[in-house]
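*Asks:* Here is how the chains run, residue by residue.
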Amino acid sequence: MQARIVAEATENTHVLALEPGDDTLEVLRDYAREQGFTAARFTGLGAFSRVVLGYFDWQRKEYERIELDEQVEVLSLVGDVALDDDGAFSLHPHVVVGRRDGSAWGGHLLEAVVRPILEVVLVESPACLQRHRDSETGLALLRP
Amino acid sequence: MQARIVAEATENTHVLALEPGDDTLEVLRDYAREQGFTAARFTGLGAFSRVVLGYFDWQRKEYERIELDEQVEVLSLVGDVALDDDGAFSLHPHVVVGRRDGSAWGGHLLEAVVRPILEVVLVESPACLQRHRDSETGLALLRP
Amino acid sequence: MQARIVAEATENTHVLALEPGDDTLEVLRDYAREQGFTAARFTGLGAFSRVVLGYFDWQRKEYERIELDEQVEVLSLVGDVALDDDGAFSLHPHVVVGRRDGSAWGGHLLEAVVRPILEVVLVESPACLQRHRDSETGLALLRP
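Residue numbers (my numbering), protein chains in the order written: chain A, 1 to 144; chain B, 1 to 144; chain C, 1 to 144.
Heads up, some of the hints might be wrong.
[As the list claims (entries may be wrong)] Some residues of chain B that are not near chain A, with every Cβ distance over 10 Å (derived):
#1 P20
#2 E70
#3 R133
[Claimed, not checked] Computed list of lysine to any residue pairs in SDA-like fashion (alpha-carbon distance at most 25 Å, straight line):
#4 A:K61 - C:S103
#5 B:K61 - A:D23
#6 B:K61 - A:S103
#7 C:K61 - B:P116
#8 A:K61 - A:Q130
#9 B:K61 - A:P20
#10 A:K61 - C:P116
#11 A:K61 - C:D23
#12 B:K61 - A:D22
#13 C:K61 - B:E19
#14 A:K61 - C:R100
Please keep in mind that the hints were generated in silico from the structure rather than gathered at the bench. No residue lacks a Cβ here, since even glycine has one placed at the ideal position from N, Cα and C.
Assemble the whole structure, with the sequences as input and the hints as a guide.
*Replies:* Written out as structure tokens, the structure reads:
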């Protein structure tokens, strides 16, 4: 386990309201870039008109895509922002969604279109978090 | 997308423990009113003896009710507090619950009775968040 | 309902990256002890190679064990840290996981082995939270 205190001073809290048709990952990535985040965490709730969930297949070392082409409630969006090996903004978002019958589904968030809103609370820390490419999995893993 | 920094100064963190028989939404709404929150976010976990989940039907523009009249674990409660057009406290809570077989269910939290506890961490921001009624959906949507 | 403000001053934010093979609860408990936490909350995401979920049976007053002996995505980990009646560190963790087909499962986190990573953001409050054994359920319940 690696651990690090990323804030002893004040953190900034941002509230975002994504709008109908917004591409969730694109909007969050653009915001992180504009604001120059070097470490942040976020939670969110709302609804999507369409979502693609990812399950990381440990044998193939690839994400399987689970497509839900329907209106779903976003029950929880949990994630963080760090910088990758190239200094680019790297988002790690996991999501749980609820379907019409109330059943919950989820995975790594690969794609999602907002409808009518996604409320995201983003807490920005005065630190720099890095993600490094892991040779075994090919994934960029957080190394605080 | 709309965005806003709601805290650059210190935020207050409140820890709440709801008790057996508590009506979750009523208790949270009363607490928000007593404390005079104008912007807050919360997460929670615990258990309910009964819960009604909502799925927003995009055609009918109404919530479908999914009633679970059984003891469930509260796996995540994610939400925020803002003021609506009339200046009243407006809670937006989404929940994931776990049933006896471990399957997860969830939706917009419409009703829930606590048993034996619901632990809620509520972070209050020194800002004012507003929700405005959206003419298309009839929903009160966050407009930071 | 009991409530308490646990932070009006600055809180410390810790970012932890658990590693392959880590026993999640042991690592979190050890970290809480080393750091001397008296009140904290956490959220997390990542993946497990194996997890045991708990559902509290209200009749028997015991946890039923739901074992998932397979790779799962950790969609949300929500919990808090307090001190129990003996002054020991008491973790209350609830988890939602996603299986290969995208279905979500969850419960009280009884056991979990990390693979390849579990990212946990832990916010430490300058207060002391206590959990007391409840005579009806036998559970240690938060009493802020």
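*Asks:* So, for every hint listed, does it hold in this structure?
*Replies:* Hints and how they fare:
Distance to chain A confirms B:P20 as a non-interface residue, since its nearest Cβ pair spans about 24 Å, more than 10 Å. The claim that B:E70 is not at the interface with chain A holds, since no C-beta of that chain comes within 10 Å of its own (minimum 13 Å). No Cβ of chain A comes within 10 Å of the Cβ of B:R133; the nearest lies about 12 Å off, and the non-interface call holds. At most 25 Å may separate the alpha-carbon atoms for a hinted pair to count; A:K61 and C:S103 meet this at roughly 20 Å.
Restraint check for B:K61 and A:D23: satisfied, since their Cα atoms lie roughly 23 Å apart, inside the 25 Å limit. For the suggested pair B:K61 and A:S103, the alpha carbons sit about 20 Å apart, so the restraint of at most 25 Å is met. Restraint check: the Cα-Cα separation between C:K61 and B:P116 comes to about 11 Å, which is no more than 25 Å; the hinted pair holds. As the CA atoms of A:K61 and A:Q130 are separated by approximately 21 Å, the hinted pair is consistent with the 25 Å bound.
As the CA atoms of B:K61 and A:P20 are separated by approximately 15 Å, the hinted pair is consistent with the 25 Å bound. The suggested pairing of A:K61 with C:P116 holds, with an alpha-carbon distance near 11 Å, which does not exceed 25 Å. A C-alpha spacing of about 23 Å is found between A:K61 and C:D23, which places the hinted pair at or below 25 Å, so the restraint holds. A threshold of 25 Å between alpha carbons decides the hint, and for B:K61 with A:D22 the separation of about 20 Å falls inside it, so the pair holds.
Pair hint C:K61 plus B:E19 holds up; C-alpha atoms about 17 Å apart against a cutoff of 25 Å. Note on A:K61 and C:R100: the hinted pairing holds, with a Cα-Cα distance of about 13 Å set against a maximum of 25 Å.
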